[in-house]
Amino acid sequence: MAETSPTNLKTTPLYEQHLAANGRMVPFGGYSLPVQYPSGIMTEHKWCREHAGLFDVSHMGPSFLLLNNPSGDAEADHAAVAAIIEPLICGDIAGLKPGQIRYTLLLNETGGVIDDLMVGRSPLVGGALYVVVNAGTKDGDFARIEAAAGDKAKLTRADADNALLALQGPEAVAVMTALAPGAERLGFMQYASFDFAGEKITVARSGYTGEDGFEILVPNAVAATLWDALLADERVKPIGLGARDSLRLEAGLPLYGHDLDDTISPIEAGLGFAVSKRRREAADFPGAARILAEREGKLSRIRVGLIVEGAPAREGAEILDASGTAIGVVTSGGFAPSLGKAIALGFVPPAYAEHGSKLQVSVRGRAQPAEVVPTPFVPHRYFRQPKAS
Amino acid sequence: MTTKFTPDHEYIRVEGSTGIVGITPFAQEALGDIVFVELPAVGKVLKKGDEAAVVESVKAASEIYAPVSGTVTAINEELTVNPGLINADPEAGGWIYKIAIADAADLDGLLDSDAYAELTL
Chain U
1 MAETSPTNLK TTPLYEQHLA ANGRMVPFGG YSLPVQYPSG IMTEHKWCRE HAGLFDVSHM
61 GPSFLLLNNP SGDAEADHAA VAAIIEPLIC GDIAGLKPGQ IRYTLLLNET GGVIDDLMVG
121 RSPLVGGALY VVVNAGTKDG DFARIEAAAG DKAKLTRADA DNALLALQGP EAVAVMTALA
181 PGAERLGFMQ YASFDFAGEK ITVARSGYTG EDGFEILVPN AVAATLWDAL LADERVKPIG
241 LGARDSLRLE AGLPLYGHDL DDTISPIEAG LGFAVSKRRR EAADFPGAAR ILAEREGKLS
301 RIRVGLIVEG APAREGAEIL DASGTAIGVV TSGGFAPSLG KAIALGFVPP AYAEHGSKLQ
361 VSVRGRAQPA EVVPTPFVPH RYFRQPKAS
Chain P
1 MTTKFTPDHE YIRVEGSTGI VGITPFAQEA LGDIVFVELP AVGKVLKKGD EAAVVESVKA
61 ASEIYAPVSG TVTAINEELT VNPGLINADP EAGGWIYKIA IADAADLDGL LDSDAYAELT
121 L
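These protein sequences, in sequence, are chains U and P. With the UniProt record's numbering applied, the first sequence covers 1 to 389. With the UniProt record's numbering applied, the second sequence covers 1 to 121.
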């Protein structure tokens with residue numbers, strides 16, 4: 001129940017909006033952000049699953065990587081800018097179509113995850129990427145990308161001059177389309193620019209809740225206008241960091257610094273899908289030797305989802321086998337409002353990772369039953385464009 | 001019948017030699033939606049300041065300490081199926097446990113309602 005000290009905390013362009021809505025402000029990633037509004041985490045969580053929730057995620061690190069001397073040939077320029085970032089990550093960026101976004105991982109030489117991030121190919125210009133990284137790692141990530149770019153490309157941070165909003169939930173598309181007609185035509189993991197209040201906003205069909213929805217980069221000058229306009233729709237309520245965390249946990253999505261860190265590989269983290277086929281076949285990404293060996297089954301731990309009986313098992317709780325021997329640790333855990341029970345993500349040796357495996361978690365010194373289940377805990381409801389025939 | 005408070009936001013409502021313990025409206029508001037309550041065992045002997053129960057919100061676990069020394073005589077079983085009672089009705093239906101007060105002098109060290117109200121201003 002410690003009071004928030006505003007010392008040295010940055011504020012987002014929506015700070016006044018949060019105060020006006022009686023948001024309970026807490027320090028997070030160096031910013032003062034609302035952990036919840038008066039309705040509370042449970043209500044906010046359920047509202048987002050049923051209607052549309054609006055999140056201020058301006059603490060994150062949006063940026064653009066632009067080729068310094070584009071040739072004018074869009075395909076060649078895209079290949080050139082992709083070649084700058086690909087050596088840092090395990091995703092196929094060269095293969096992105098205009099306007100397509102890929103979830104990928106920045107890796108160190110031992111195959112540990114430095115960050116998880118989104119990389120999009122500009123829908124309009126060749127040789128331009130939209131790159132969004134996590135708040136806590138953004139300075140290091142940007143330095144790494146800048147070093148790779150050298151004099152071939154320029155990385156422009158967009159975090160100081162813009163707010164980043166997320167609009168998530170089954171009614172998000174109707175709300176977004178009313179303000180940005182055409183947004184409904186974006187498929188999951190596609191983005192485009194739209195006009196709003198005389199400015200350009202960048203709208204991506206993506207998110208961190210498992211629901212359909214959008215992440216919107218909006219210039220500071222009109223950020224509050226957009227926030228207010230979205231909230232003017234009665235289907236939309238503001239959602240704080242507390243429900244953001246419970247929503248992403250139910251969706252089985254990892255949180256960097258908790259379920260992912262620089263010792264954990266993509267395979268251990270259950271993110272093998274983020275190691276793109278072309279990159280895998282070329283084995284041309286950092287830590288490829290470890291990651292490819294782990295992919296063949298040579299790994300000592302793997303991320304699992306657990307349904308926990310009784311008290312929530314929080315981060316740091318030990319995972320025990322049926323006989324009570326410690327075999328792993330919980331990296332994220334809490335109560336799942338949509339399920340009405342406790343869930344957790346954690347790491348165990350592969351021998352214990354089979355779905356249905358009966359394990360235990362130690363909470364305050366007591367062993368409680370926990371069962372390995374598939375993730376996501378709550379099915380994803382992303383909007384996928386029908387494949388063009 | 002008097003009610004006393006701890007600086008940690010527990011209340012103890014004294015009825016004869018028994019105290020009924022819960023958390024204050026201020027505490028439940030600060031914790032947010034309560035999703036799980038770990039109750040003490042009936043018969044458990046507690047020293048003043050011992051961890052007596054744990055209240056879990058969506059976000060975090062919070063320990064509830066014994067405001068006085070004594071023995072747990074009853075627990076609010078209703079909280080195992082409806083932990084949200086602590087949010088809805090912290091001072092009545094959301095009580096957590098009853099304690100046979102070992103030493104009434106423990107109560108003198110606690111806050112009265114005016115002193116507690118001042119603390120939560």
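Treat the hints as calculated values from the structure; they're not laboratory data. Idealized CB from N, CA, C, for every residue including glycine. Incorrect hints may have been included.
To be verified - Residues from chain U shown here face chain P by an in silico Cβ test under 8 Å; the list is partial:
| # | residue |
| --- | --- |
| 1 | Gly30 |
| 2 | Ser32 |
| 3 | Gly40 |
| 4 | Met42 |
| 5 | Arg157 |
| 6 | Gly242 |
| 7 | Ile307 |
| 8 | Ala311 |
| 9 | Arg314 |
| 10 | Gly334 |
| 11 | Phe335 |
| 12 | Pro337 |
| 13 | Ser338 |
To be verified - Chain P stretches covered by chain U per the calculated footprint, using a threshold of three residues with CB under 8 Å from any CB of chain U:
| # | region |
| --- | --- |
| 14 | 38 to 49 |
| 15 | 54 to 68 |
Here's how the hints hold up against the structure:
Hint status for Gly30(U): violated, given a least beta-carbon distance of 20 Å to chain P, over 8 Å. Interface hint status for Ser32(U): violated, as the beta-carbon distance to the closest one in chain P is roughly 17 Å, over 8 Å. Annotation: Gly40(U) was flagged as interfacial toward chain P, and the flag holds, the nearest CB pair being 5 Å apart, inside 8 Å. Taking 8 Å as the C-beta contact cut-off toward chain P, the hint placing Met42(U) at the interface holds, the least distance being around 4 Å.
Taking 8 Å as the C-beta cut-off, the interface hint given for Arg157(U) is violated, the closest approach to chain P being about 31 Å. Using the Cβ-Cβ criterion of 8 Å, the hint placing Gly242(U) at the interface with chain P is satisfied: the shortest such distance is roughly 5 Å. Nearest Cβ of chain P to the Cβ of Ile307(U): about 14 Å, over the 8 Å cut. The hint is violated. Checking Ala311(U) against chain P by beta carbon gives a least distance of about 5 Å; that is within 8 Å, so the hint holds.
Hint on Arg314(U) holds. Least Cβ distance to chain P is approximately 7 Å, under the 8 Å limit. At about 6 Å, the closest approach between the beta carbon of Gly334(U) and any beta carbon in chain P falls short of 8 Å, and the interface hint on this residue holds. Hint status for Phe335(U) relative to chain P: holds, with the closest Cβ pair at about 4 Å, below 8 Å. The restraint placing Pro337(U) at the interface with chain P holds, with a minimum CB-CB distance near 7 Å, inside the 8 Å limit.
The restraint placing Ser338(U) at the interface with chain P is violated, with a minimum CB-CB distance near 12 Å, outside the 8 Å limit. Coverage of the region 38 to 49 of chain P by chain U is violated in this model, with 1 residues showing a Cβ closer than 8 Å to a Cβ of that chain against a need of three. Coverage of the region 54 to 68 of chain P by chain U holds. Counting CB-CB distances below 8 Å, 7 residues qualify, and the rule asks for three or more.
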